[in-house]
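Trainee: Fit chain B to the supplied structure of chain A, relying on the hints for placement.
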Amino acid sequence: MSEFALEISYLIASICYILGLKMMAGPKTARNGNLLAAFGMTLAIFSTIFLYNDNGKLTNHIWIFSGIAVGAVLGWLAAVKVQMTAMPQMVSLFNGMGGACAALIALVEFPKALEHMEEWNVLFMSTILCGLVIGSTSFSGSMIAYLKLNGNLKKDIRLPFYNIINTLLIIGIIGLTVCLAGNHIEATDFSLWAYILLAAASLYGILFVLPIGGADMPVVISLLNSFTGMAAMFGGFLYDNMAMLTGGILVGSAGTILTVVMCKAMNRSLSNVIFGAFGTGGGAVSASSNGAEQKSYKETNSSDLAVLLNYSQKVIIVPGYGLAVAQAQHVVHEMEELLSERGVEVKYAIHPVAGRMPGHMNVLLAESNVEYDKLVEMEDINAEFSTCDVVMVLGANDVVNPAAKEDPASPIYGMPILNVEDAKTTIVNKRSMNVGYAGIDNDLFYRDKTNMLFGDAKKVLTEIVSELKNL
Amino acid sequence: MENIITFFSQDGAMEMVYVIILSIILGVQIIESVPAVLHTPLMSGANAIHGVVIIGAIIIMGKADPNNTLALILGFIAVVLGTLNVVGGFVVTDRMLEMFKKKPTKNKE
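Just so you know, the sequences run in chain order A and B.
Residue numbering for the first sequence follows our numbering, beginning at 1258 and increasing consecutively.
Residue numbering for the second sequence follows our numbering, beginning at 21 and increasing consecutively.
Same shape as in the complex, but just chain A (with noise of 0.2 Å):
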């Protein structure tokens, strides 16, 4: 009867995480998506621990009990604690947690499997092992991920021929799985080459995550994501347990598809992601003969930038990273509020990769209130640009260089761009010339109708508003 009643609840747990996941694909329904699959998940987690039933009923209850509360605790507390502006690298932290809990099983059943295993089960045996490799990649991965974000990792270290050591590391590491799972290896001690795949695994999710350029973290997280979930996944054949392959499959086949989706977003290949990393080769020349050069750029300031846009028709704001950086999100809300009360028509360009993450920029915007309708996809907007007055780029760079379209031999060429450049007047608004994630130098901040403003955009946005004020 308690096998029958675990195995309902189970696919009540599968239906609520694919509703979840369906609801979340709309704005006004995402919230309650988000909420129903964290239902689906407190009824499957629960009804483990009360129903689940296998020669015997679970025991350790407190042991069991302090760990959920631990781990709810401090997953409650670090995720309202933290800013909006941080939310990547969080992500990026709880997906390392699941992949490293997967290891952890897979670390735990290994040498029980020896024990109890009468005949020697390749598939079996396989499937812990590919929990074990999948899960400790993805935590180590997810762990440079987060530190790389975070600023703690500022460089992109790349070793000298990095993408033969990787190849060589992962064709050693498949290996050995296949000879483990195989039973191929004559040996006393299994456990200790459980321990040696896991430092392999795990060193190659380090190695595979340094030398990717913040600029494509978001594709590595979301692929790190689906790897998490295939980890799951593998549990779930381990214990043929229904509610973990659901889950597992799901996030595993959602997040390959999220991640070609970024790519896409970016016109850049999975694979040029991964082992051509931004910054090398042409991209580095091309930046350091601009940089020998001086060329020269105008400079604005804030109020004549604030009667310039009190007098346009049209402006169009395009918000980046730097945006994120300064928590400008609230005054630049109030900016286009103030703008918009004296008959300016303001508007947001959002490029899919503002930002660290497709929609990161949304979710920044909406946090002041800013009208969902006023936030405008780039395909969209893009024929606007040469209708409007004034654009005013808040700290993005990479998404409104030129050099993309216009230059075959950059890095970033093929990447769809914002056409900010069509504007009557453009204001870049930067802390510096320095060039952004991508490393390379920007051809809009040279040109005739480009103006720039240096400082802290939510320093400057705040001028501008007061200014604006005084009007």
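Calculated directly from the structure, the hints in this document are not laboratory data.
Glycine included, every Cβ here is placed at the ideal spot set by N, Cα and C.
Below 20 Å or equal to it, Euclidean Cα-Cα: the simulated SDA-like pairs (lysine to any residue) are: (1) Lys83(B) with Glu1372(A); (2) Lys1681(A) with Asp1705(A); (3) Lys1571(A) with Glu1641(A); (4) Lys1369(A) with Thr89(B); (5) Lys1555(A) with Arg1704(A); (6) Lys1369(A) with Ile93(B); (7) Lys1604(A) with Pro55(B); (8) Lys1631(A) with Asn1676(A); (9) Lys1314(A) with Asn87(B); (10) Lys83(B) with Phe1303(A); (11) Lys1338(A) with Val1327(A); (12) Lys1604(A) with Met119(B); (13) Lys83(B) with Phe1381(A); (14) Lys1279(A) with Glu118(B); (15) Lys83(B) with Gly1313(A); (16) Lys1279(A) with Gln49(B).
A partial selection of chain A residues facing chain B, derived with a Cβ cut-off under 8 Å: (17) Met1281; (18) Asn1291; (19) Ala1301; (20) Thr1305; (21) Leu1315; (22) Ile1325; (23) Val1327; (24) Ala1336; (25) Ser1479; (26) Thr1485; (27) Leu1502; (28) Ser1510; (29) Ile1514; (30) Ala1623; (31) Glu1624.
Mentor: Structure of chain B alone, referenced to chain A:
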């Protein structure tokens, strides 16, 4: 090859294959219809869902021999990490989506 055939002739193995293939198709279908603006919350929501791996950790913990300290400690850590993934994932996603929800109340004003 033999192994594969033995595997699929096991009880319930074919059912699992059904579940896997249908779930893959479902996952693909769901994502393809999502507007780019919701990609970040969706990634975060999916991230929380793979926290379902915690069920494995609970099973380990519940079946662990109370005298096997290593298994207890590893299982305990696994439960903590899994819960972090689930709770943190859902709360972060909710915080992101909360912002999208404010709009309708604003329109009524």
